[in-house]
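Undergrad: Sequence:
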Amino acid sequence: MTRPRTIALVGIDGSGKTTAAHLLAEALADRGLPAVYRRNAGGRRWFGRLATRFGKVDGEDLLGRRTMLFIEAVLRWLAILRTLVRRWFTGETAVMDRYAVCQFASIESHHGRSIFWARLAYRIFPAPDVTFFLAVDPAIAYDRIERRGYDHEDMSYLRDATAAYRALPEFPAFVVIDANETPEQVQAAMLTHLPSAISVRRPAPLLSYARTLIVAAATLAAAATALTYQLADGF
1 MTRPRTIALV GIDGSGKTTA AHLLAEALAD RGLPAVYRRN AGGRRWFGRL ATRFGKVDGE
61 DLLGRRTMLF IEAVLRWLAI LRTLVRRWFT GETAVMDRYA VCQFASIESH HGRSIFWARL
121 AYRIFPAPDV TFFLAVDPAI AYDRIERRGY DHEDMSYLRD ATAAYRALPE FPAFVVIDAN
181 ETPEQVQAAM LTHLPSAISV RRPAPLLSYA RTLIVAAATL AAAATALTYQ LADGF
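The opening position of the sequence shown corresponds to residue 1 in UniProt numbering, with each subsequent residue numbered one higher.
Since the hints were derived computationally from the structure, they do not count as laboratory data.
Do not rely on the hints blindly, as some may be mistaken.
Simulated DEER-style distance windows between Cβ atoms [to be verified]:
id, residue 1, residue 2, range
1, Asp143, Pro169, 26 to 36 Å
2, Phe89, Thr67, 32 to 42 Å
3, Thr52, Ile140, 20 to 30 Å
4, Thr90, Gly55, 38 to 48 Å
5, Ala29, Ala127, 15 to 25 Å
6, Gly55, Phe89, 40 to 50 Å
7, Gly55, Ala29, 42 to 52 Å
8, Thr52, Arg144, 18 to 28 Å
All C-beta atoms in this analysis are idealised placements derived from N, C-alpha and C, irrespective of residue type, glycine included.
Whenever a hint applies, use it, and build me the whole structure from the sequences.
TA: Structure follows, in C-alpha coordinates:
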(Lines of atoms letter the chains of each structure in order from A and count residues from 1; the text may use other names and numbers.)
(Lines give C-alpha, C1' and ligand atoms only; values in the text may rest on other atoms or scores of the structure.)
Protein backbone atom coordinates (compact mmCIF):
# COMPACT_ATOMS: atom_id res chain seq x y z
CA MET A 1 0.00 0.00 0.00
CA THR A 2 1.38 3.40 -0.94
CA ARG A 3 1.91 5.47 2.15
CA PRO A 4 -0.79 8.14 2.57
CA ARG A 5 0.08 11.57 3.90
CA THR A 6 -3.41 13.00 4.47
CA ILE A 7 -6.72 11.18 4.89
CA ALA A 8 -9.90 13.15 5.55
CA LEU A 9 -13.17 11.84 6.95
CA VAL A 10 -16.15 14.05 6.17
CA GLY A 11 -19.91 13.83 6.54
CA ILE A 12 -22.86 15.14 8.49
CA ASP A 13 -23.10 15.24 12.28
CA GLY A 14 -23.86 11.79 13.60
CA SER A 15 -22.13 9.98 10.75
CA GLY A 16 -19.45 8.66 13.10
CA LYS A 17 -16.48 10.66 11.80
CA THR A 18 -14.67 10.99 15.12
CA THR A 19 -14.95 7.33 16.07
CA ALA A 20 -14.04 6.19 12.56
CA ALA A 21 -11.04 8.52 12.35
CA HIS A 22 -9.68 7.26 15.68
CA LEU A 23 -10.13 3.63 14.63
CA LEU A 24 -8.54 4.21 11.22
CA ALA A 25 -5.53 5.99 12.73
CA GLU A 26 -5.07 3.13 15.19
CA ALA A 27 -5.34 0.51 12.43
CA LEU A 28 -2.80 2.28 10.22
CA ALA A 29 -0.43 2.73 13.17
CA ASP A 30 -0.70 -1.00 13.86
CA ARG A 31 0.38 -1.57 10.25
CA GLY A 32 3.50 0.48 10.74
CA LEU A 33 2.41 3.88 9.45
CA PRO A 34 3.02 6.98 11.61
CA ALA A 35 -0.72 7.67 11.60
CA VAL A 36 -2.17 10.24 14.00
CA TYR A 37 -5.75 11.41 14.58
CA ARG A 38 -6.21 15.15 13.95
CA ARG A 39 -9.41 17.08 14.60
CA ASN A 40 -10.20 20.12 12.44
CA ALA A 41 -13.02 21.52 14.55
CA GLY A 42 -14.94 24.70 13.86
CA GLY A 43 -16.00 25.41 17.44
CA ARG A 44 -19.75 24.81 17.14
CA ARG A 45 -19.80 22.34 20.02
CA TRP A 46 -17.94 24.73 22.34
CA PHE A 47 -20.13 27.68 21.42
CA GLY A 48 -23.19 25.47 21.81
CA ARG A 49 -22.22 24.69 25.38
CA LEU A 50 -21.53 28.36 26.03
CA ALA A 51 -24.91 29.28 24.59
CA THR A 52 -26.77 27.00 26.99
CA ARG A 53 -25.21 28.86 29.93
CA PHE A 54 -26.87 32.01 28.66
CA GLY A 55 -30.20 30.34 28.07
CA LYS A 56 -29.74 30.06 24.31
CA VAL A 57 -30.35 27.05 22.10
CA ASP A 58 -26.97 26.97 20.31
CA GLY A 59 -24.13 29.08 18.97
CA GLU A 60 -26.26 30.54 16.20
CA ASP A 61 -28.92 31.56 18.71
CA LEU A 62 -26.22 33.23 20.81
CA LEU A 63 -24.17 34.96 18.12
CA GLY A 64 -26.34 34.99 15.01
CA ARG A 65 -26.00 32.72 11.99
CA ARG A 66 -23.58 34.81 9.95
CA THR A 67 -21.27 35.56 12.87
CA MET A 68 -21.24 31.90 13.88
CA LEU A 69 -20.37 30.87 10.32
CA PHE A 70 -17.56 33.41 10.27
CA ILE A 71 -16.08 32.19 13.56
CA GLU A 72 -16.45 28.57 12.46
CA ALA A 73 -14.66 29.32 9.18
CA VAL A 74 -11.75 31.02 10.94
CA LEU A 75 -11.32 28.33 13.60
CA ARG A 76 -11.46 25.48 11.08
CA TRP A 77 -9.00 27.29 8.77
CA LEU A 78 -6.53 27.62 11.64
CA ALA A 79 -7.06 24.00 12.72
CA ILE A 80 -6.38 22.69 9.21
CA LEU A 81 -3.28 24.87 8.90
CA ARG A 82 -1.97 23.52 12.21
CA THR A 83 -2.65 19.94 11.11
CA LEU A 84 -0.83 20.36 7.80
CA VAL A 85 2.14 22.16 9.36
CA ARG A 86 2.52 19.28 11.82
CA ARG A 87 2.36 16.81 8.96
CA TRP A 88 4.96 18.71 6.92
CA PHE A 89 7.47 18.78 9.78
CA THR A 90 6.88 15.39 11.41
CA GLY A 91 6.17 13.26 8.34
CA GLU A 92 3.12 11.80 10.05
CA THR A 93 0.09 10.41 8.29
CA ALA A 94 -2.72 12.76 9.32
CA VAL A 95 -6.12 11.11 9.68
CA MET A 96 -8.32 14.19 9.75
CA ASP A 97 -11.73 14.51 11.37
CA ARG A 98 -13.26 17.06 8.93
CA TYR A 99 -11.58 19.15 6.26
CA ALA A 100 -12.21 22.22 4.10
CA VAL A 101 -15.23 20.71 2.32
CA CYS A 102 -16.99 20.47 5.68
CA GLN A 103 -16.94 24.25 5.91
CA PHE A 104 -18.36 24.60 2.41
CA ALA A 105 -21.16 22.16 3.25
CA SER A 106 -21.82 23.96 6.55
CA ILE A 107 -22.22 27.30 4.79
CA GLU A 108 -24.56 25.84 2.18
CA SER A 109 -26.68 23.90 4.68
CA HIS A 110 -27.01 26.95 6.93
CA HIS A 111 -27.99 29.01 3.88
CA GLY A 112 -24.99 31.31 4.26
CA ARG A 113 -23.88 33.70 1.55
CA SER A 114 -20.15 33.54 2.16
CA ILE A 115 -19.21 30.48 0.09
CA PHE A 116 -17.08 32.59 -2.29
CA TRP A 117 -14.98 34.00 0.55
CA ALA A 118 -14.64 30.61 2.21
CA ARG A 119 -13.39 28.96 -0.96
CA LEU A 120 -10.98 31.85 -1.50
CA ALA A 121 -9.57 31.49 2.02
CA TYR A 122 -9.35 27.68 1.93
CA ARG A 123 -7.92 27.33 -1.56
CA ILE A 124 -4.33 27.14 -0.25
CA PHE A 125 -5.03 23.77 1.34
CA PRO A 126 -4.26 20.79 -0.92
CA ALA A 127 -6.78 18.04 -1.50
CA PRO A 128 -6.20 15.07 0.82
CA ASP A 129 -4.72 11.89 -0.63
CA VAL A 130 -8.13 10.37 0.00
CA THR A 131 -11.39 11.76 1.34
CA PHE A 132 -13.88 9.34 2.87
CA PHE A 133 -17.48 10.52 2.87
CA LEU A 134 -19.37 8.72 5.62
CA ALA A 135 -22.84 8.36 4.15
CA VAL A 136 -25.50 7.90 6.80
CA ASP A 137 -29.28 7.97 6.88
CA PRO A 138 -30.27 11.29 8.53
CA ALA A 139 -32.65 9.39 10.82
CA ILE A 140 -29.81 7.19 12.08
CA ALA A 141 -27.58 10.25 12.50
CA TYR A 142 -30.34 11.97 14.47
CA ASP A 143 -30.67 9.01 16.84
CA ARG A 144 -26.90 8.91 17.40
CA ILE A 145 -26.79 12.63 18.21
CA GLU A 146 -29.66 12.30 20.67
CA ARG A 147 -27.99 9.33 22.37
CA ARG A 148 -24.68 11.12 22.91
CA GLY A 149 -26.60 13.90 24.61
CA TYR A 150 -24.29 16.91 24.41
CA ASP A 151 -25.82 18.58 21.36
CA HIS A 152 -28.90 18.55 19.15
CA GLU A 153 -29.64 18.87 15.45
CA ASP A 154 -32.96 19.15 13.66
CA MET A 155 -33.82 16.44 11.16
CA SER A 156 -34.36 19.09 8.48
CA TYR A 157 -30.81 20.38 9.00
CA LEU A 158 -29.35 16.87 8.73
CA ARG A 159 -31.16 16.38 5.44
CA ASP A 160 -29.96 19.76 4.17
CA ALA A 161 -26.40 18.96 5.23
CA THR A 162 -26.50 15.63 3.40
CA ALA A 163 -27.72 17.36 0.25
CA ALA A 164 -25.04 20.05 0.64
CA TYR A 165 -22.24 17.50 0.76
CA ARG A 166 -23.54 15.61 -2.25
CA ALA A 167 -23.87 18.85 -4.23
CA LEU A 168 -20.24 19.85 -3.68
CA PRO A 169 -18.09 19.89 -6.84
CA GLU A 170 -15.53 17.83 -4.89
CA PHE A 171 -18.03 15.04 -4.19
CA PRO A 172 -17.21 12.84 -7.23
CA ALA A 173 -13.68 12.42 -5.87
CA PHE A 174 -14.89 11.18 -2.47
CA VAL A 175 -14.81 7.53 -1.49
CA VAL A 176 -18.31 6.88 -0.18
CA ILE A 177 -18.53 4.62 2.87
CA ASP A 178 -21.76 3.20 4.28
CA ALA A 179 -21.72 4.73 7.76
CA ASN A 180 -25.01 3.11 8.81
CA GLU A 181 -22.93 0.08 9.79
CA THR A 182 -20.98 -0.56 13.00
CA PRO A 183 -17.71 1.33 13.65
CA GLU A 184 -15.75 -1.88 13.01
CA GLN A 185 -17.46 -2.41 9.65
CA VAL A 186 -16.82 1.21 8.68
CA GLN A 187 -13.15 0.82 9.60
CA ALA A 188 -12.86 -2.35 7.52
CA ALA A 189 -14.49 -0.67 4.52
CA MET A 190 -12.05 2.25 4.66
CA LEU A 191 -9.04 -0.05 4.91
CA THR A 192 -10.30 -1.96 1.88
CA HIS A 193 -10.48 1.21 -0.20
CA LEU A 194 -7.13 2.69 0.80
CA PRO A 195 -4.83 0.80 -1.60
CA SER A 196 -6.79 1.85 -4.70
CA ALA A 197 -7.71 5.32 -3.50
CA ILE A 198 -4.27 6.70 -2.68
CA SER A 199 -2.07 8.02 -5.45
CA VAL A 200 1.70 8.08 -5.22
CA ARG A 201 3.01 11.38 -3.94
CA ARG A 202 6.71 11.94 -3.35
CA PRO A 203 7.64 13.87 -0.21
CA ALA A 204 8.53 17.44 -1.03
CA PRO A 205 12.03 18.69 -0.15
CA LEU A 206 12.53 20.97 2.86
CA LEU A 207 12.79 24.02 0.59
CA SER A 208 9.34 23.26 -0.75
CA TYR A 209 8.01 23.09 2.80
CA ALA A 210 9.45 26.49 3.60
CA ARG A 211 8.01 27.95 0.43
CA THR A 212 4.60 26.53 1.26
CA LEU A 213 4.71 28.06 4.73
CA ILE A 214 5.63 31.46 3.30
CA VAL A 215 2.72 31.24 0.88
CA ALA A 216 0.44 30.20 3.74
CA ALA A 217 1.49 33.22 5.80
CA ALA A 218 0.84 35.59 2.92
CA THR A 219 -2.49 33.96 2.21
CA LEU A 220 -3.44 34.23 5.89
CA ALA A 221 -3.24 38.00 5.59
CA ALA A 222 -5.41 37.94 2.47
CA ALA A 223 -7.87 35.54 4.07
CA ALA A 224 -8.09 37.69 7.18
CA THR A 225 -8.99 40.67 5.02
CA ALA A 226 -11.67 38.72 3.18
CA LEU A 227 -13.14 37.25 6.35
CA THR A 228 -13.10 40.62 8.10
CA TYR A 229 -15.18 41.98 5.25
CA GLN A 230 -17.54 39.03 5.69
CA LEU A 231 -17.89 39.75 9.42
CA ALA A 232 -18.49 43.44 8.85
CA ASP A 233 -21.12 42.56 6.29
CA GLY A 234 -22.83 40.34 8.87
CA PHE A 235 -23.64 43.14 11.30
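Undergrad: Decide, hint by hint, whether the structure agrees.
TA: Evaluated hints:
1. A hinted range of 26 to 36 Å for the beta carbons of Asp143 and Pro169 is consistent with their spacing of about 31 Å.
2. Between Phe89 and Thr67 the Cβ separation comes to about 34 Å, which falls inside the hinted range of 32 to 42 Å.
3. For Thr52 and Ile140, the hinted distance range of 20 to 30 Å is satisfied, since their beta carbons lie about 25 Å from each other.
4. Evaluation of the 38 to 48 Å hint for Thr90 and Gly55 yields a pass: the beta carbon distance comes to about 43 Å.
5. Range check, Ala29 to Ala127: about 23 Å between beta-carbon atoms, so the 15 to 25 Å window is met.
6. Evaluation of the 40 to 50 Å hint for Gly55 and Phe89 yields a pass: the beta carbon distance comes to about 44 Å.
7. Distance hint check for Gly55 and Ala29: the Cβ-Cβ separation is about 44 Å, which falls inside the suggested range of 42 to 52 Å.
8. Separation of Thr52 from Arg144 is about 20 Å and conforms to the stated range, judged on CB atoms against 18 to 28 Å.
Of the numbered hints stated above, none is contradicted by the structure.
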